[in-house]
Amino acid sequence: MTEVAEVVTHASLAEALAAFQAEMPVIENTQTAHVTGKKRDGTPTSYNYRYAPLGDINKIAMPLLGKHGLSFSSRPTITKTGFELIYKLRHVSGESDGGRWPLPSPDGDIKMQDLGALITYARRYCFIAVTGIAPGGDDDEEAVERADERMEQRQEPRPPDPRHAAEPDDAAERDYEQDIADATSPGSLSKIAERIVKDKRMTLEQRNRLHQQFEARMGALTEPAGEQPELAGDRDE
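Residue numbers are given in our numbering: position 236 of the sequence shown equals residue 236, and the series is strictly consecutive.
No lab work stands behind these hints: they were computed from the structure.
Incorrect hints may appear among the rest.
Unchecked claim - Pairs of lysine-lysine, DSSO-like flavour, derived with a Cα cap of 30 Å:
1) Lys-88 to Lys-59
2) Lys-200 to Lys-80
3) Lys-198 to Lys-111
Sequences and hints are given; from them, build the entire structure.
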């Protein structure tokens, strides 16, 4: 267990976070995950990557957060936009920074064990994002290289894809645009995306436009400007 000898006073969250980041050591990736799937041409592919589990991150980071007057909290909560993980980084000055991560509804078909794993995944990445921690090593560099390779492959010309129509269907695109605009929760928006993926009436360009609209709408639903999420326990009776 990491021991913290003293508590350092900082005037602001930004100052405390900068000091925390300067003192935070590199966290080693100790666990290995195996991913399998298929390439665009249907050939199988698989690779391994290493990561730092949440317990290893917390063991090192939490004492240092406390040393600099910082704390992190997260909880799955039902809000106006659905089931979400609310996370927040706080400073003793009263300043805070946080956000929300959409989660699948516990009332759906998902198993509780799978939901628990998704919540842990969300907590890990929200914590890493809001504190600026970068667990890493050579595997992170390899991941960047794989991403660069995928980007180069996307830029190469490809033969027509049978999953997309050769001619645009403007009516279908307009219908989906309206559905996306009318979506009131991340869950309903995700169901619309599933329908778009299965619909072969539209061209690739139409799908790309709908994807951009989907991302913009998802951002509006999960992070409404100037509005704090209304938690179920905060409503007036």
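Do the hints match the structure? See the list:
1. Lys-88 to Lys-59: Measuring from Cα to Cα gives roughly 18 Å; hence the hint holds.
2. Lys-200 to Lys-80: Between Lys-200 and Lys-80 the Cα gap is close to 33 Å, so the pair fails against 30 Å, i.e. violated.
3. Lys-198 to Lys-111: holds (25 Å)
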